[in-house]
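In order, the protein sequences belong to chains A and B. No gaps in the numbering here: position 128 of the first sequence is 128 in this note's numbering, and each next residue is one more. No gaps in the numbering here: position 296 of the second sequence is 296 in this note's numbering, and each next residue is one more.
Treat the hints with care, as some may be off.
[Said to hold, decoys possible] Once the Cα atoms are required to be at most 30 Å apart in a straight line, the calculated BS3-like pairs of lysine-lysine come out as: (1) B/118 <-> A/136; (2) B/197 <-> A/136; (3) B/118 <-> A/80; (4) A/80 <-> A/205; (5) A/205 <-> B/118; (6) A/439 <-> A/451; (7) A/80 <-> A/136.
Hints listed in this document are in silico derivations from the structure and should not be mistaken for laboratory results.
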Amino acid sequence: MSTRPSYARLLPCLLVLSLLLPITALAASAGGSWEDPAGFLGRTLRFLSLRDPAVRFAVAGAALLGISCGLLGTFLVVRKLALVGDAVSHAVLPGVAAGFLWSQTKSPVAIFVGAVLAGLLGTLTVGWIRRTTRLKEDAALGLVLAGFYAVGICLVTMIQRLPTGNKSGIDKFLFGQAAAIGSGDLALMGVVTVLSILATTLAYKELLISSFDAAFARAIGLPVRLLHEALMLLLAFTIVSALQAVGVVLVSAMLITPAATAYLLTNRLHRMLILAAGLGLITGITGCFLSFLGNNLPTGPLIVVSATFLFGLAFLFSPQQGVVVRWARRRARRHRVARENTLKTLYHVLESRSFHGDDVSLGELAQRRRETLEDAAREAQALVRHRLARLHPDGQSLILTEAGRQRASELVRNHRLWELYLTHAADISADHVHEDAEKIEHVLGEEVVRKLELRLNYADTDPHGRRIPVPRAASRPNPEPGASRDPLPPAAP
Amino acid sequence: MSSLVPDFDVQRVLVTPWTSDATMNGWIVLMGFLVATTCGWVGQYLLLRRMALMGDALSHSILPGLAGAFLIASFLNPGTADGAGNARGATVMYLGALAAALVTTLLIHWLHTASRVKQDAAIGIVFSGLFALGVILITVFADQVDLDADCVLYGEIGTVGFTDYFQLSGRDVAPLPVARMAIVALLTFAWIQLFYKELLVSSFDPGLASSLGIRANWVHGVLMLWLSVVIVSAFESVGAILVVAMLIVPGATASLLSTSLPRIFSLIVLHAAISSLFGLHLALWLDCSIAGAMVVTGCGLFVLAWLSHVIRVRRARHASLPQDAPPGTLASPSVTPNPP
């Protein structure tokens, strides 16, 4: 990306800053002192110093999850599998319940095994339904999501009836409870994070190729199906390890949102992976912090809301993809084209009186452009603002500046060169070329102009018999004396 | 383990429900039937348009809509907006749900048309973000908002409250939720009958639809709004996630068994009836969530239809084309748009 703005590299930092700003604003409004443990600053200090073990566990868990979900989510987003994460996260519920039943306690290992098996069964079922029926991907995902979830709900309500089930806290798997993360859960998350980092670094090339061009990957002998299954296994691992912290419903957001944010910020997969993991980590910690500040607020939703907030910022302001940025760019281009059209009209006015005198009155401009005097005055103002022309002291006529004169003759040259090119090289009749040239005159670059001139043998007259101007900056080699200044006939194909 | 699955006691599971608790169970089955039929009909159009997961998205993003609507209602006239039970509560709920559906649909559309984010990712981002926002709203304003995230997610048909009766000329006709669901079901039926052609053409062939002068965008918008009405009427009995099952499972089962749309619609009714009746008995046997059991029964029916479909395809392939049959050619005659 050669047109990449220089501030693009700072963008992730800007995003993070924008997340911190509201928090600082909150701090300023809340006041209080660092010593007051219940006040805002006191709580911030307690959070930052990681004094409470619960905070330590929650922050570590959210950070690990952010990294592993960001890495895997990247592949889900680029493979257009975003909703598979949602389906799998719902499909693990019966596995969680079965694992609980098997061990009769909330043992992380049993629940992990059960949930991973259920998640894998879910992804396999999606594949079976797709292969053996004409139901579409979305229907298959929905069926697995809802069907497995219903079985899970039945099992959970049955477990809650059991004497041991009441205190099981199995319903916490729906929304998660970051405060209740234990060392066992943390170890699990650590293992999963290390696994996903290892997988993405070791199989980076294979995953890259099979994600973007499955046919090519198959052709060079990569095990595409195996890679997909391995990714699904890893996905099930990640989702299950995330259940404790954010719950069934919001895991899919942890997977998709940071990755989609990164997708808007970069075009390279490795940068996207790093960005997604970083964004996941930051939003995880921010969610924990916000949840610690506001007593009782659930962590999972706060993580998701901060991730969604960052996504919204990237959606609006990303240097290449941002909606606002692109709108501003389009607006600037529209205004430039309008200014250049005014410039061209000034040139035409001057040309019509064989360049006698410098100033063009607003009346002449308005008449030529067939518009009201007010519009002409507004266009003149735009030219003056951009130092392409200045107003005569009487305020009623325009004088082109050096830059304005230069640009105007460039535009007219572009227009007439293009008309000449179309009539000669593309055999389009002379009365059909104007519209096209009106559009292209604003975008022809100097390099293309050089080639056009060469191709047209430095012709100096356009198809309508008007002279093609030579802007001062454009030095052109002197043609051989006596050589024909007529354009060559089109080259034989 | 033995206490998990109780013995199958014919008396308790099959007989008593229809001798001592007949009214209550009758209403439960009727409610389940109405929810499954209405959702199934609307969901069939979602399946045809490959938007099955929009149902998932809307059913989640309705939560902040409801929370916001209750919040605004309680600010406007404090102390009057309580629960979903009374008429005002119901109005507030429907308005909130409609607003949420509108916002969700527009946001998803905007995200995937204005940036390179694909539609599936856009759906995932929008609904999870809105759902998280809803959970936070409910937690922060717990006093003003009479909603419970667990309740929205689970729902339970048995606790809907069949005590307040809808009265017509002084006589009890049906419990309020059942009456409301019946009205929604009737409206859905009328809507499908009235706009059958528009819905059909714009689902199967958007190009033809626009050449016939049918505004595909309007059809899509109305479908989404109506979907939100159906979801909000259904979610208090089945919960936000099981609504997705109610939307997808009947249609998916029916379209494995038939290729004509009118027949699919009748099969959906049959599917709804079987799954709600057998679901109730399954729930009574296992003593678990009734809505969950109804969906599990529905999924069981889907698995049966799936198996019979697979067997039929195998047999057809063996009979007519022993070799060289590309997989899926016989299996996939597209649904034919027969007139009703």
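Hints, verified against the model:
1. For a cut-off of 30 Å, the pair hint linking residue 118 of chain B to residue 136 of chain A stands: about 17 Å separates their Cα positions.
2. Among the hinted pairs, residue 197 of chain B with residue 136 of chain A is consistent with the structure: their alpha-carbon atoms are about 23 Å apart, no more than 30 Å.
3. Simply put, residue 118 of chain B and residue 80 of chain A have alpha-carbon atoms about 7 Å apart, close enough for the 30 Å limit, and the pair holds.
4. Of the supplied pair hints, the one linking residue 80 of chain A and residue 205 of chain A holds, its CA atoms being roughly 19 Å apart against a limit of 30 Å.
5. For the hint pairing residue 205 of chain A with residue 118 of chain B, the CA-to-CA distance comes to about 23 Å; that is within 30 Å, so the pair holds.
6. Using a Cα cut-off of 30 Å, the hinted pair residue 439 of chain A and residue 451 of chain A holds, with the two alpha carbons roughly 19 Å apart.
7. Annotation: proposed proximity of residue 80 of chain A to residue 136 of chain A holds, straight-line Cα distance about 14 Å (limit 30 Å).
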